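Novice: Work out the full structure, taking the sequences as your base and the hints as a guide.
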Amino acid sequence: MKIKILYIGLSIFLLSWIIPSLVQLTLDSSSRYPFTYYSSVINQFCYIDVENDNVQGKDMSGKEYTDAEFDRVLPMFYYRQLAMENALPDSIQGVPVDLHSIARNNFFFWYKPKDKNTPVIELYPMFESCSGKVDLENPSDMFRLKDKIEFIDMATNQVDEQKSARFQQALQRAGFTAPAQWVAGIPTSQKAYDEGYFVLDSQGRLLHVKMTNGKPFVKDTKAGETINVSCMFPMDIENKSLYGFLFDTNHTLYYLSTDGYGLVKVLENVDPDKDRVSIMANMFFWTVVKESADGEYTYALKNENMQQVDSLFRPARQSQWDKTLPYLFPFTVNFQDSTNSYVYPRISGYYFPSFGINIILTLLTFVLYRKEKSYGKYLASIITLFTGFAGFITVCILARLKK
Amino acid sequence: MEKVIECRNITHYYGEKLIYENLNFEVEKGKVLGLLGKNGTGKTTIINILNGYLKPRSGECYLLGENMNHLTPATKAKIGLLLEGHVQHTYFTIEQIEKYYRAFFPNWNRDAFYGLMEKLKVVPHQKINHMSCGQRSQVALGLLFAQDPELLILDDFSMGLDPGYRRLFVEYLRDFASSGNKTIFLTSHIIQDMELLIDDCMILDYGRLLIHKPTREIMENFHRFRFSLADGQTPVQHESLWNAEKNNGQWEVYSFESLEHVRQILESGGASIPDLKMESLSLEDAFIGLTGKY
Amino acid sequence: MMNKALLFKEWIKTRWMILLMFAVFALAMGYIALRISSAARNVGMPHLWEVFILKNVVLLDQIKVLPLLAGIVMGITQFIPEMTKKRFKLTLHLPLGENRILFLMLGFGVICLLTLFTVSYGGFLWGLSSSFPREVVAAWFSTVLPQILCGFATYLLTAWIILEPVWAQRVYNAIIGLLLVSLFMIQGVPGSYVYMLPFLYGVLVLLAIYPKISIKHFKEGMQ
Chain L
1 MKIKILYIGL SIFLLSWIIP SLVQLTLDSS SRYPFTYYSS VINQFCYIDV ENDNVQGKDM
61 SGKEYTDAEF DRVLPMFYYR QLAMENALPD SIQGVPVDLH SIARNNFFFW YKPKDKNTPV
121 IELYPMFESC SGKVDLENPS DMFRLKDKIE FIDMATNQVD EQKSARFQQA LQRAGFTAPA
181 QWVAGIPTSQ KAYDEGYFVL DSQGRLLHVK MTNGKPFVKD TKAGETINVS CMFPMDIENK
241 SLYGFLFDTN HTLYYLSTDG YGLVKVLENV DPDKDRVSIM ANMFFWTVVK ESADGEYTYA
301 LKNENMQQVD SLFRPARQSQ WDKTLPYLFP FTVNFQDSTN SYVYPRISGY YFPSFGINII
361 LTLLTFVLYR KEKSYGKYLA SIITLFTGFA GFITVCILAR LKK
Chain E
404 MEKVIECRNI THYYGEKLIY ENLNFEVEKG KVLGLLGKNG TGKTTIINIL NGYLKPRSGE
464 CYLLGENMNH LTPATKAKIG LLLEGHVQHT YFTIEQIEKY YRAFFPNWNR DAFYGLMEKL
524 KVVPHQKINH MSCGQRSQVA LGLLFAQDPE LLILDDFSMG LDPGYRRLFV EYLRDFASSG
584 NKTIFLTSHI IQDMELLIDD CMILDYGRLL IHKPTREIME NFHRFRFSLA DGQTPVQHES
644 LWNAEKNNGQ WEVYSFESLE HVRQILESGG ASIPDLKMES LSLEDAFIGL TGKY
Chain Y
698 MMNKALLFKE WIKTRWMILL MFAVFALAMG YIALRISSAA RNVGMPHLWE VFILKNVVLL
758 DQIKVLPLLA GIVMGITQFI PEMTKKRFKL TLHLPLGENR ILFLMLGFGV ICLLTLFTVS
818 YGGFLWGLSS SFPREVVAAW FSTVLPQILC GFATYLLTAW IILEPVWAQR VYNAIIGLLL
878 VSLFMIQGVP GSYVYMLPFL YGVLVLLAIY PKISIKHFKE GMQ
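Residue numbers (the numbering used here), protein chains in the order written: chain L, 1 to 403; chain E, 404 to 697; chain Y, 698 to 920.
No lab work stands behind these hints: they were computed from the structure.
Quick caveat, the model's predicted, so the values are computed rather than measured.
Incorrect hints may appear among the rest.
[Claimed, not checked] Simulated crosslink set (DSS-like; lysine-lysine; CA at most 25 Å straight-line): (1) Lys-191(L) x Lys-215(L); (2) Lys-913(Y) x Lys-371(L); (3) Lys-2(L) x Lys-909(Y); (4) Lys-502(E) x Lys-701(Y); (5) Lys-502(E) x Lys-782(Y); (6) Lys-782(Y) x Lys-530(E); (7) Lys-752(Y) x Lys-4(L); (8) Lys-420(E) x Lys-373(L); (9) Lys-458(E) x Lys-701(Y); (10) Lys-420(E) x Lys-782(Y); (11) Lys-377(L) x Lys-701(Y); (12) Lys-524(E) x Lys-502(E); (13) Lys-458(E) x Lys-441(E); (14) Lys-4(L) x Lys-913(Y); (15) Lys-210(L) x Lys-782(Y); (16) Lys-265(L) x Lys-116(L); (17) Lys-783(Y) x Lys-502(E); (18) Lys-133(L) x Lys-191(L).
[Claimed, not checked] Here are the simulated distance ranges between beta carbons: (19) Lys-502(E) x Asp-758(Y): 43 to 51 Å; (20) Gly-610(E) x Asn-334(L): 52 to 60 Å; (21) Ser-734(Y) x Arg-346(L): 38 to 46 Å; (22) Ala-192(L) x Thr-812(Y): 47 to 55 Å; (23) Leu-379(L) x Ser-734(Y): 57 to 65 Å; (24) His-528(E) x Asn-334(L): 43 to 51 Å.
[Said to hold, decoys possible] Sample of chain E residues with no beta-carbon within 12 Å of chain Y, all distances over it, derived: (25) Met-520; (26) Val-525; (27) Gln-529; (28) Gln-538; (29) Val-573; (30) Arg-611; (31) Arg-627; (32) Pro-677.
Glycine included, each C-beta is placed from N, C-alpha and C at the ideal position.
Specialist: In structure tokens, the structure reads:
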């Protein structure tokens, strides 16, 4: 009997995973927020409305734009199209612009919680930052950095002791305290330029490590002295104005400026474990979007000082699934979600509105067990009452409770 | 006397079909009990219930004093079990299977096993898979003799055996039974040769136990009576007369009663039976007399 | 002594199949090793490092169903002979406790699979470590570990399903089994199973005791 209870438990657990996920497949439709960009021409948000299957550019006053008009109201986004049509204005916001200056200063940053919460193989290629060549060359070794830095030659799988020692000394001179918590960089030669890696040491120091002319370059960014760095996402952007974005442990997003490693606050109240962030930057304004459970927050920040000039909130729309779920299932089990790459059971619930269905199922259980004289009848009914469909199927089909 | 097997109030159904209701019986130590019955009367069912491989609707069995559902290893070691069809682990060779079972039983008698194997004209590393049905039954039997159990339970041991093997089997069992305080519980649907072996006879009919008596009592007291009756007349119905049947113009009836008593019963119906004859029976004939031909 | 005899029976039943599985695993590992060495010659070691480290490619993923199949095969070779003609009655009649009989038999299968997996995967990863850093070996190990655990799970599931005498219940057990097996096989990056492992071990413990339900049904003569 005890073993049977274990069997029933596992069965309910598995069915609470598979049945809701099958129902979700039939009900779910992805609802996306409209594309929104801050216009440097009319100084307000413009967005693409895709309601009713027709795509329409609009601004916040509700004014509708034709495609050509929409390109012109968002010149910093559609500048290539405008340049092709020779319709690029000479100046915007009183600043002369051309195709190249716009392209140079535009960049995009997309962040999702999975970027942070994904296991990685902790080996990285160290590029030559000052190769003097147009293209970056792939190095012949990779390094690991935990207690100490070690370069491993890829052809022989042997540690390059001398090179490792040189970098280790440089790290120590810069105050590195082992072990490193993480190493962040862009480990590909397919990038515009190389700025090496950023390393968070055990004391919370954020160190910049790269190789210039074959020699180690290690510098404490001092960012760790003002904030508790949580994670960092290095960037390679054309104007080289920043090294990358980082979150502190208080849910604030910063960028690390190339101007003396200055730390510039971008946005507060962003939880890197739950919220998505996208930044579409141009030389005048950054359109910063934070997508969290309750909705989408859009901010327009001035490029030069990150002052907020406008903001917008769109509440999250409940999908058919979100609305139905609490009425169907008292709880659900999932093994994966969008916020991280790890597989493990996640239980959500408890949804009391499901009791409507549960009571019906309980009565049905009672009917199916009517011939049973033992306490199994009551146990089966109680199980169904609290676990809904999963329990009902388990005790009525998969594992009949008999004395 | 010590009771080796005790079954109390066994009731069992397969679905809605009654197999037996409130079946009670005991087997005393040192006896050879034969459970006889036609096919489908529930002989194997009893064996399964006895060994705890079937849960009856109600009732309890005790083997060597232990409840069938919770036999201890020590008790299991004292019981030899032959499954219907002489089922054994056929992926073993003769040597391997002897080596395997030897480890489990303290009184293992290696010679008893190999003695029997010598008669089989098989080589020790021959796989049991590749043997004939009769040879396989000998292997199963040899293993039981080597185990030297206090209680032997044999389910339909004669099934599929030719007469020679069956006789050999019976002789071995008789020797085994007479060698000490051995109890044997066996089922069979072939009655031939059985009178040589079994002390007590239990005969099952569909849904009930017909009789449970010493074999000798059946052999000595159960007779066939032949007589003639005028056309259109039938013998009287009586609880001591079994299976009246007309055969070649003569009536046959079976009874435990004496010739005189049977005459009294038959004539109580008003008929006169001048040619009543009493005949002794083999166990097989007695079995048919008790259970009928169909 | 008795334990040894019971294990002897399991060995006689399964030895050729075990040998065959060793051969299949050795061939599979050899094939993957050959692919790596030929790639190393053709595109060079550095490129392989990049693919393995930065692109998360785990070549052992190509034989991810092998442990799963090994578990099923082991379960079948061990328990189908017991259930044909209900020979399991003979085994249960042995003068040993029922639990001991069951756990000896399951233990035998688990140890055989463990040896098979340890030798084949262990040998492969040991060879891998001569050309690739320990991080890669660890990543590959963490990728194949759930697959290996899946092999134990399918073995225990197969035993559970075969020992179950009631056909409908066998089907239900198979449904539960399928759902469970899919939990061991969720596609992910190396290391994504790290928090799942305790759950998987728990599942294996449950699966090791579920055959007791089947044996109870068997002993009650349920059909």
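Novice: Indicate, hint by hint, whether the structure satisfies it.
Specialist: Right, here's what the structure says about each hint:
Using a Cα cut-off of 25 Å, the hinted pair Lys-191(L) and Lys-215(L) holds, with the two alpha carbons roughly 21 Å apart. Proposed proximity of Lys-913(Y) and Lys-371(L) is supported: the alpha carbons are some 22 Å apart, at most 25 Å. A C-alpha spacing of about 11 Å is found between Lys-2(L) and Lys-909(Y), which places the hinted pair at or below 25 Å, so the restraint holds. Distance hint between Lys-502(E) and Lys-701(Y) is fulfilled; the C-alpha atoms sit about 11 Å from each other, no more than 25 Å.
In summary, the hint linking Lys-502(E) to Lys-782(Y) is supported, as the alpha carbons are separated by about 22 Å, within the 25 Å threshold. As the CA atoms of Lys-782(Y) and Lys-530(E) are separated by approximately 17 Å, the hinted pair is consistent with the 25 Å bound. Between Lys-752(Y) and Lys-4(L), the direct Cα distance comes to roughly 45 Å. Violation of the 25 Å bound is thereby established for this hinted pair. Between Lys-420(E) and Lys-373(L) the alpha-carbon distance is near 21 Å, which keeps this suggested pair within the 25 Å criterion.
Taking the CA atoms of Lys-458(E) and Lys-701(Y), the gap is about 31 Å. The hint is violated against a cut of 25 Å. At most 25 Å may separate the alpha-carbon atoms for a hinted pair to count; Lys-420(E) and Lys-782(Y) meet this at roughly 24 Å. Simply put, Lys-377(L) and Lys-701(Y) have alpha-carbon atoms about 44 Å apart, too far for the 25 Å limit, and the pair is violated. Between Lys-524(E) and Lys-502(E), the direct Cα distance comes to roughly 19 Å. Compliance with the 25 Å bound is thereby established for this hinted pair.
Straight-line distance between C-alpha atoms of Lys-458(E) and Lys-441(E) comes to about 22 Å, which keeps the hinted pair within the 25 Å bound. The suggested pairing of Lys-4(L) with Lys-913(Y) holds, with an alpha-carbon distance near 11 Å, which does not exceed 25 Å. Restraint check for Lys-210(L) and Lys-782(Y): the C-alpha separation of about 72 Å exceeds 25 Å, so the hint is violated. A threshold of 25 Å between alpha carbons decides the hint, and for Lys-265(L) with Lys-116(L) the separation of about 19 Å falls inside it, so the pair holds.
A C-alpha spacing of about 22 Å is found between Lys-783(Y) and Lys-502(E), which places the hinted pair at or below 25 Å, so the restraint holds. With a CA separation close to 13 Å, the supplied pair Lys-133(L) and Lys-191(L) stays within the 25 Å bound. Between Lys-502(E) and Asp-758(Y) the CB atoms are about 44 Å apart, so this pair conforms to the stated range of 43 to 51 Å. Checking the proposed 52 to 60 Å range against Gly-610(E) and Asn-334(L) shows it holds: the Cβ atoms sit about 57 Å from each other.
For Ser-734(Y) and Arg-346(L), the hinted distance range of 38 to 46 Å is satisfied, since their beta carbons lie about 41 Å from each other. Between Ala-192(L) and Thr-812(Y) the beta carbon distance is about 53 Å. The supplied range of 47 to 55 Å therefore holds. With their beta carbons about 60 Å apart, Leu-379(L) and Ser-734(Y) fall inside the hinted range of 57 to 65 Å. Distance hint check for His-528(E) and Asn-334(L): the Cβ-Cβ separation is about 57 Å, which falls outside the suggested range of 43 to 51 Å.
Here Met-520(E) stays apart from chain Y, with its beta-carbon at least about 18 Å from theirs, past the 12 Å limit. Every CB of chain Y lies more than 12 Å from the CB of Val-525(E), the least distance being 18 Å, so the non-interface label holds. No Cβ of chain Y approaches the Cβ of Gln-529(E) within 12 Å, the least distance being about 14 Å, so the stated non-interface status holds. Remark: the non-interface label on Gln-538(E) is consistent with the geometry, its nearest Cβ contact in chain Y lying 17 Å away (cut-off 12 Å).
Even its closest Cβ contact with chain Y, about 23 Å, leaves Val-573(E) beyond 12 Å, as expected for a residue assigned away from the interface. Every Cβ of chain Y is farther than 12 Å from the Cβ of Arg-611(E); the closest lies at roughly 21 Å, confirming the non-interface assignment. No Cβ of chain Y comes within 12 Å of the Cβ of Arg-627(E); the nearest lies about 39 Å off, and the non-interface call holds. Against the 12 Å criterion, Pro-677(E) stays outside the reach of chain Y, whose nearest CB is about 55 Å from its own CB.
Hint check: violations occur at hints 7, 9, 11, 15 and 24; the rest are consistent with the structure.
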